[in-house]
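> Letter by letter, the chains look like this.
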Amino acid sequence: MRLNDEETAILAGDMGEVPRQALAHQVAVGDFFSAEDFVPVTQAHVMADTESLGEAGVRWLESLAEVKEGRCAVRIPTITDPRGTDFTKYRQLKQAEWMVELERRAVAALVKLGVSMTDTCINYQTVLSATRGEHVAFGDTGVVIYSNSVCGARSNFEGGPSALAAGLTGRTPRYGFHLDRHRRASVRIRVDWTPASLNDWGALGGVIGRIGGNYWAVPVVEGIERPPTSDELKHFGAAMASFGSIALYHLVGITPEAARLSDVGAEALPPHRVGRAEVQALQNAYAGDAKVDVVVFSAPQLSLFELRALADLCDGRRFTIPLLAVTSPQVKPDSDRFGYTARIEAAGGTVFSGMCFYQSYAREIAEANGWKRLATNSAKMVNILGGYGYAPVLASMEECVGAAETGRLR
Amino acid sequence: MNGKVLLARHAMGTKVSGEALVAKDGFSARYDLDRLAGFFSRPAHKLAGQSYVGRILVLDTAKGGVASAWMLYEMRSRGKVPLAFVFNSVNPILAQGAAFGDIAMLAGFDEDVTSAVPSGARVEIDPAAKTLRFL
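Protein sequences appear in the order of chains U and S. Quick note on numbering that gives the first Met the number 0: the first sequence kicks off at 0 and runs consecutively. Quick note on numbering that gives the first Met the number 0: the second sequence kicks off at 0 and runs consecutively.
Please keep in mind that the hints were generated in silico from the structure rather than gathered at the bench. Any given hint could be a false lead.
Once the Cα atoms are required to be at most 30 angstroms apart in a straight line, the calculated DSSO-like pairs of lysine-lysine come out as [as the list claims (entries may be wrong)]:
#  : chain 1 : residue 1 : chain 2 : residue 2
1  : S       : Lys14     : S       : Lys79
2  : S       : Lys3      : U       : Lys371
3  : U       : Lys371    : S       : Lys23
4  : U       : Lys88     : U       : Lys371
5  : S       : Lys23     : S       : Lys3
6  : U       : Lys67     : U       : Lys111
7  : S       : Lys23     : S       : Lys79
8  : S       : Lys3      : S       : Lys129
9  : U       : Lys93     : S       : Lys79
10 : S       : Lys14     : S       : Lys129
11 : U       : Lys290    : S       : Lys45
12 : S       : Lys45     : S       : Lys129
13 : S       : Lys23     : S       : Lys129
14 : S       : Lys129    : U       : Lys371
15 : S       : Lys45     : S       : Lys14
Computed beta-carbon distance windows for the label pairs [as the list claims (entries may be wrong)]:
#  : chain 1 : residue 1 : chain 2 : residue 2 : range
16 : S       : Pro42     : U       : Thr87     : 28 to 36 angstroms
17 : U       : Glu100    : S       : Asp101    : 22 to 30 angstroms
18 : U       : Thr228    : S       : Arg121    : 49 to 57 angstroms
Where a beta carbon is used, it is the ideal one built from N, C-alpha and C, also for glycine.
Can you build the whole structure from these sequences, using the hints too?
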């Protein structure tokens, strides 16, 4: 990579060990992808739950945080993805004390490094969305695909170590979706059916993700009949990223870089037709047993409007199995103020804040609580939880709430 | 096949040799693995039930979430880690994770590497030369 004077000085250790380590890591990644140079970034978003870090990762964070000499803190706004627990409710999940202690240590180290603990995967709805052309270093695949596609910002998937490095150096290697040539469409999708429910939007995203199939594929989608809401595109993109590792898509006439098919160079691409049958086939793959052990709304965290819709469905019900709804620390106070939390919890549900279900030791809490058959409206989550020993079922929010009442999906 | 060499476009890490474990499937540390026990746990994965520890994983592409970037480092700390990765295409997360976890990686070939390498073959990965060589 071509380094400027400041980067050369950082790599030589002139600004301390913390930025030196960060830049050395970034150079290794940049060289792998043949990046020519660095691009300045304005924000970083760090995924750093302790199920992923483990003891080794937390010790590494602590070793960085203990450095006293040189520049020891992030130099741009640097925020966090969800934690592995809600510190006020971990006993309800039957999480072990060691898990919570590991989380506390990770938080302490990140705070020492100047990181703002926003603990959210919907920062584009709750903290500060990136703008068209803005270069950022975001973790969480759902955050990246939304920011790239809906906002027109520019980010690669930045894993925790790399996003933290970007926060510490204020830059990231210029490769992938920072470059115009990687933002052109490579897969053309023609849909003849526009979803209505969030689980259908997620399932459509999953189908398109499977067609794309790898990180460098950029789907362009024709035929969506109305401008989707932010929550619909949240589920659509999160599932596409989860099923296909996709980081950028375009919706013709809707997303900012594709007013016309020709804007993303897609006129000559052969179209893949996707309709309701393909979406239903994906949902059928997660149909499973009618009996349900637990209902979970998470991945991504719920917006205020999703909690409002959930509260409406909870009124007058009494749940017989756990119903868990997960939101961000920014949304939770409003959910409390508007009475949504109280209405959900009056029915027997629980609203968690600042965590994500699948990042919260999902395998261990399944074993501790006897959960196997899990119902959710998140296509992203059903894709993930198979690897954690669950038999996940994808259904609408209404059907999931009904299952929480009866213990069965109809 | 001894001595045959495949050339990659992207490489990192140090030279290693070992037994290849091959599938035309993806890879995600969070989605696909029982990381504590060291085997592929997602039932739908083509390597479900097989141990990846100490083997050279030859797969189609990297999938899924950003967690793998931390997880490879954590897996290395417990010795439950593949010896190297070889992909047809790779996403930034696996490259970042391999850099952080100090695991050799090759990616980008002129042929489908999952067809070119039989499972169980002994191969050498040389990132400096960007080569996979059959032993």
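> Which of the listed hints are broken here?
2, 14
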